[in-house]
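J.: Chain by chain, the residues run as shown.
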Amino acid sequence: MVSPELIRRYPFFAGLDYDHIVKLAKVADEVSVEADHCFFHESDALENVYLVLEGAAAIVFEVPDQDVEQQISEQLIGGLKTKDITLSTVGTGDVFGWSGLIPPNTATASAKSITPCRVVAFNGKKLLQIFDEDCRFGYLMALKAAQVIRERLRDMRIESLAHLAE
Amino acid sequence: MVTPEILTAFPFFAGLSETELRSVSIIANKASFQRGDLMFREDDIAHALYLLIDGWVDIVVNTDATGEQHELVTTLSPGDIFGWSALVDPYLYTGSAVCASPVEAIEFKGADLLGMFELDPKLCCVIMRRVCQSIADRLHATRLQMVSLFVAH
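One line per chain: the protein sequences are E and Y, in this order. Going by the numbering used here, the letters in the first sequence line up with residues 1265 to 1430, in that order. Going by the numbering used here, the letters in the second sequence line up with residues 714 to 866, in that order.
Treat each hint with caution, since some may be false.
The list that follows gives simulated cross-link-like pairs (lysine-lysine, DSS-like), each with its CA atoms no further than 30 Å apart [unchecked claim]:
#1 K1390(E) with K1290(E)
#2 K835(Y) with K1390(E)
#3 K1389(E) with K1290(E)
#4 K1390(E) with K1376(E)
#5 K1345(E) with K1376(E)
#6 K743(Y) with K1389(E)
#7 K1389(E) with K1376(E)
#8 K822(Y) with K1287(E)
#9 K743(Y) with K835(Y)
#10 K1290(E) with K835(Y)
#11 K1376(E) with K1290(E)
#12 K1389(E) with K1287(E)
Note that these hints are calculated values from the structure, not bench results.
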């Protein structure tokens, strides 16, 4: 459990009733991690939705490292060497791991801390239960999730354009 | 006229009650397009959301400031939802939709959907979650496109 005051100040939670904030705070825990901590890997069953309080994290795709020579035998036993391609970075006030709330409830990318981070982790299963019981709340949060995803889309467009310009 | 029966053929409207389907069909309009038609342009005000019934639609995005260059993000097929920016602030389309074939679609005005949501919270929660799935699919397609850019260089 965290204090409702802790999360209320972040723009992501703007427009929610105090009751809603209290419900969210009840299913949340504050967590501190070191740099290079992996919150989750792509296609993991996603248990938590995260709000960043302090620090920065990268949303990445792990792709086969083409600069390193790889033996097929190693790849077959799961020893594929990968490198990270950063899709976007998240910092204070940003929410990530929302794909845990949308079927099939698996991570669509990996998330790793760049610096030591303090985050609030909201339990995904409990969140879904709350939304099933309170449709209006569920709708508001789905709208906010939609906005987050849309912003990620736009962030990436800007990064792709910058990359192409090089 | 769009009947509830037409809607139930699509997974997007699966599991809705008769009453709910009727509410949705009332605000639904059929729309037809020719191959090459531009259904909407990136950054236009998003008035409507679409369910693709027949044909294919390319979602393209501008890759330079002048708007001359385009990249294909994804090609949509029957059953797909697009134009979801009609429900998501700031209500501007994030890509252009170009018909890759003759197209039949069902159009929902954003204002009508939002009005329906006010009256039926349960229905709006169900639909909004499914819309989120479509947006998440688009994000995934865009990420794959971006990764292919990085890997190619």
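J.: A separate judgement is required for each hint: does it hold in the structure or not?
T.: Taking the hints in turn, this is what the structure says about them:
1. K1390(E) with K1290(E): holds (9 Å)
2. K835(Y) with K1390(E): holds (18 Å)
3. K1389(E) with K1290(E): holds (13 Å)
4. K1390(E) with K1376(E): Roughly 24 Å separates the two Cα atoms, so the pair holds.
5. K1345(E) with K1376(E): holds (17 Å)
6. K743(Y) with K1389(E): With Cα atoms ~38 Å apart, K743(Y) and K1389(E) exceed 30 Å; violated.
7. K1389(E) with K1376(E): With a Cα-Cα distance of about 22 Å, the restraint between K1389(E) and K1376(E) holds, given a limit of 30 Å.
8. K822(Y) with K1287(E): Answer violated: K822(Y) to K1287(E) is near 33 Å, above 30 Å.
9. K743(Y) with K835(Y): Between K743(Y) and K835(Y) the Cα gap is close to 25 Å, so the pair holds against 30 Å.
10. K1290(E) with K835(Y): Holds: K1290(E) and K835(Y) sit about 23 Å apart, inside 30 Å.
11. K1376(E) with K1290(E): holds (25 Å)
12. K1389(E) with K1287(E): Holds, because 13 Å separates the two Cα atoms, which is no more than 30 Å.
Of the numbered hints stated above, those contradicted by the structure are hints 6 and 8, listed in ascending order.
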